[in-house]
Amino acid sequence: MENFWQQLWNARIAVAAMTLFAVGFVTLLLHRNLLKKIIGLNIMETAAYLLLTSLGFIEGRLSPIVLGENTDPLLYVNPLPAGLVLTGIVVSVSVTAVMLALTVRLYARYHSLNLDDIYAMAQREHGVN
Amino acid sequence: MAFSVNFPLFSIVLCLLCAVVSSLLPSKAARAVSIALCAALAAGAACLASYGVSVGKATEYLMGHYPHPWGNELRFGVLEPLLVSVFAVVMLLCLIGGKRYLAADLDPEKSNLYYVMCDLVLVSLTALSYTNDLFTGYVFIEICTIASCGILMIRQLGRTTLASVRYMIFSLIGSGLFLLGLILLYAVTGHLLMPNVKESVAALWAEGRYRTVLLMSMALITVGLGVKSGLFPFHFWMPDTYGYATPSSGGILSGLVSKGYILLLIRIVYGAFGTDIFYRSGISNVLFVFGACGVIVGSISAAREKDVSRMVAYSSAAQIGYIYLGIGLSPGMGVLASLFHILTHALTKPLLFLSAAELASCAGSRQRAVWRGAGHINRVAGFAFSVGAFSMIGIPLTMGFVSKYRFALAAFERPLLMIPTLIVLAVSTVLNGLYFIRVVVAIYLPPERRTDRVRITDHPAYAVCAIAFTAMNLAAGIAALPIVRLLESSLTLL
Chain L
1 MENFWQQLWN
11 ARIAVAAMTL
21 FAVGFVTLLL
31 HRNLLKKIIG
41 LNIMETAAYL
51 LLTSLGFIEG
61 RLSPIVLGEN
71 TDPLLYVNPL
81 PAGLVLTGIV
91 VSVSVTAVML
101 ALTVRLYARY
111 HSLNLDDIYA
121 MAQREHGVN
Chain X
1 MAFSVNFPLF
11 SIVLCLLCAV
21 VSSLLPSKAA
31 RAVSIALCAA
41 LAAGAACLAS
51 YGVSVGKATE
61 YLMGHYPHPW
71 GNELRFGVLE
81 PLLVSVFAVV
91 MLLCLIGGKR
101 YLAADLDPEK
111 SNLYYVMCDL
121 VLVSLTALSY
131 TNDLFTGYVF
141 IEICTIASCG
151 ILMIRQLGRT
161 TLASVRYMIF
171 SLIGSGLFLL
181 GLILLYAVTG
191 HLLMPNVKES
201 VAALWAEGRY
211 RTVLLMSMAL
221 ITVGLGVKSG
231 LFPFHFWMPD
241 TYGYATPSSG
251 GILSGLVSKG
261 YILLLIRIVY
271 GAFGTDIFYR
281 SGISNVLFVF
291 GACGVIVGSI
301 SAAREKDVSR
311 MVAYSSAAQI
321 GYIYLGIGLS
331 PGMGVLASLF
341 HILTHALTKP
351 LLFLSAAELA
361 SCAGSRQRAV
371 WRGAGHINRV
381 AGFAFSVGAF
391 SMIGIPLTMG
401 FVSKYRFALA
411 AFERPLLMIP
421 TLIVLAVSTV
431 LNGLYFIRVV
441 VAIYLPPERR
451 TDRVRITDHP
461 AYAVCAIAFT
471 AMNLAAGIAA
481 LPIVRLLESS
491 LTLL
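These protein sequences, in sequence, are chains L and X.
Sequential numbering from 1 applies to the first sequence in this note's numbering.
Sequential numbering from 1 applies to the second sequence in this note's numbering.
Because the hints were derived from the structure by calculation, they are not lab data.
Everything numeric in this text was worked out from a predicted model, so none of it was measured.
Wrong hints could be hidden among the right ones.
Claimed, not checked - Derived coverage of chain L by chain X (criterion: at least 3 residues anywhere in the stretch with Cβ under 8 Å from a Cβ of chain X; other residues may be distant):
| no. | stretch |
| --- | --- |
| 1 | 49-61 |
| 2 | 64-77 |
| 3 | 85-94 |
| 4 | 104-116 |
Cβ atoms here follow ideal geometry from the backbone N, Cα and C, with glycine treated the same way.
Chain X extracted, bound-state conformation (with noise of 0.2 Å):
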């Protein structure tokens, strides 16, 4: 047993620790522990990602040596730490490059309080890809509710205080279906350990016993996951929180939170239910239709938005569509898209909405007829922008054309959902490809008029971060292959 292993019971207490002696700090000291956390976080679980890759299985960790099914496991293979690294890296970067925005939109005095939020949001993103208990996931389910809502309601505007309740009452409805879900799973399985309740699920399923319920528990849990992370038709609340957050929080929420939700429903779909079972009972062909509507819907909704946070923000929702739409074609190849393209979301919407919110302060208007000329002024802001939207869109050498390209190689494993998979891309590429591609000309276009350049030492912590994202994007859309052949071995392991 290496040391290494400890460390995700260890980030959990350190995320809470943290979280809690940063309520009491000021600001800036808040900040920096913030920082810090996620840069420890991202060092460890990278640590845990190279020993799951070396000892080649599942690391099952007890708490308090109480075996199953009596005591509370945490659970890694390669892909939730890998996963927690790169969560943490995102946030890491959203902290750094949001800063100007944050000390405009905080409250001075309450600005720590926002780092809290920060810190709760990290732990239960990371406590929900380890853990190994349902209810212990429907716990940092909510704890992850609240602190999102925190960092969204942070900024005290109207508009953004509305975007909360609509976003909290979206969220509460996932949560509340999840929970009824798992209680039904209880009463037939009799336990709350992922592995307990397969064995007991296919043993069931065998039997032909209780039949409905573990279909409605399935299907509660799925639609209560899908409606926390925004499946269509739940994605009207997205515009308002992503539009309206402060862009560090846009970049966390909509690159991270959902991907949370999304991981823990992957995770209980494969250790929870089975994959064949789950296949079988036709939940997934309704992850599908609905992923494949989010995906037009969204699309559309974006390309019909004037305001470019709000677009990049209905595209979430398109992005979201993928994913359900990739868990939905099938086990293997779809899922395993699905992976990469929750990289390329969270590697690339966060860099979307930091550089909107630049190149908006330059152009003094979130509108897009305004835009023309921005990236002139602000370059990095500009080159960032029109990289992140080229990932969107899926042009090669990004990310998004290695997703885009590993879900139509999935959509070859299933004859019959080939046709429409093939068509909801083309469309959507066709879309994304129409608005994204209207505001990067028109950011190139010549300004109308001269204003002075904004350099990259005025904006620093955003350069950085800027560069980090676009780096990380093309890198990992250049030299695709052995990521996509780690999460591969890594599905093996879930």
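Bound-form chain L, shown alone (with noise of 0.2 Å):
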């Protein structure tokens, strides 16, 4: 048991992460308020960055700046992670900024942001289609 409570502290970053992926996704995929929806996406995506950020880290080890003669690359923490996460945060924020501007577009024509309030709508607008 106390292995089991050991383990699970080793993993705290990685179970939080998890955690958190969850709540992002189930909010995105289940939620109906457009926004709430938005936010989702963006926990979802910080939770996976958070991993990616938690498996680059190594404890007791400098940032991965070389200075002076110090060339073993046992002192440094793994770079390519933080590299990984730089750009997945440039992903999404364009994909959020696209997700709010399809939203900005739906309220200004539906004046709601409560996607089956927009679909009831939007099939009254155009009749049994």
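From these two lone chains plus the hints, build me the complex, please.
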């Protein structure tokens, strides 16, 4: 039992990231409010970045900037995940922007953020189509 | 080293460059740039495919000459350039054939942006086909998502905007799952380049370490790409997305974009997981089941639909089901059938969307009920729609027949799955026949009132595109063996 708690403690960041991912995922999938969906999307992606960042960090090592003669790679943390996270953040910012733009357009047309209501209104607008 | 090995990188850079330039050009020039770009890409990829055939092995293109595992790589054998070339040709024909609707659906001041988005869709399809790096794959998946949402939402109807929101949501769920799977894979293997990942995965699997994490990552990547390409039960966004987009976009989205994700999945299965491990893990069986359900559910929904564009869109769900069913059946024969079906669907669906729009404009509505005699009024569209419909049903002489035949052949390799596969094929063929023949019969009934016939010269752009699609479909359906052989040999290079 103690072993289990120890393992859980070691994996705490991964567990937190997975929980956050699940929260974001469910919000994105099931919430009817568009803005909350977008917030869910951001939680989901941030959780993925948290996991990725935690993978790259190694306790007790330096940030991956070579100063002077310290060229031994074992002195530094893994720089690659940080680079990936940066790329990922750019991606998620642009995706969020597109989603927000779509939300603005829908709100301007239907004055609602609830997807079900919007769907009903759009169906009425186009007849049976 | 031939000069043509540089073509993948050149085509990616050229697409990005064209997209940037097009954003500043007037719309006519942007359109010309896009069309020229598609033609150039198709020609370059065709050269590359013939180079791949002549050297008989896959080429790894090291960007900046860093050896792996350090650098970023492109990789191509025969399959990747072949598909890129087909994608580019299809996009070219979509842009030409849908010209009339593009003029009507786009805001004239912003219509050059549509072509920017098309260039970006093309770059992401190209990069998804060539990249050997999983994270680059993820980045281009997201670019593809945004660009395809762009070509969808450019038609400013309420319904289309709503469809774009739903499309975005499902796409984002898919790419979120893909990203998580990718991170888990990176966590246990420490690599992002496919050949290195494959080595580590094989070593880990042999030692029995991190099995759960590997399985989770395979499942997440597969499901993520499945959701994005519209695998059952995530196909509900399809009818709205494809049905309410402008016909060119409908063709591009259903014929090409979903295929880009499937191609990436096949390459990851072959290049990063290894077919042995993937097919032993049981995920392939899950794909088979969902594919089969998708085929049946998609066909039933299509049969119930009265709006023809939406019907064609639901039929896409069934076709995606077929492709996953083939991937789930077996590596080799099953994947071969899926690859052929990717070609079939890419060449048929855009033709159906464009022809449906053309016939709808003759009949005055997209409802099947009023289509009586539309095939007499617009003969080219009527003929093209019929050929497309026959190809989707799987009538001999069309490509659809060949792909269904290959699925049936593949089924014989898996005795346990043979009967279910054959039943699914039979049921869906009957259903396809039911809903497509109904429309084909309706358009060839004598018209209720006399209307002026639409001549070929009235819409020459559409006629060119319809004739090209029809000719390619029939040619590939009649002379299928060389194509199948080519795909078969290209699979060994993956």
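Q: Output the numbers, in ascending order, of every earlier hint that fails for this structure.
A: Per hint list: single violation, 2.
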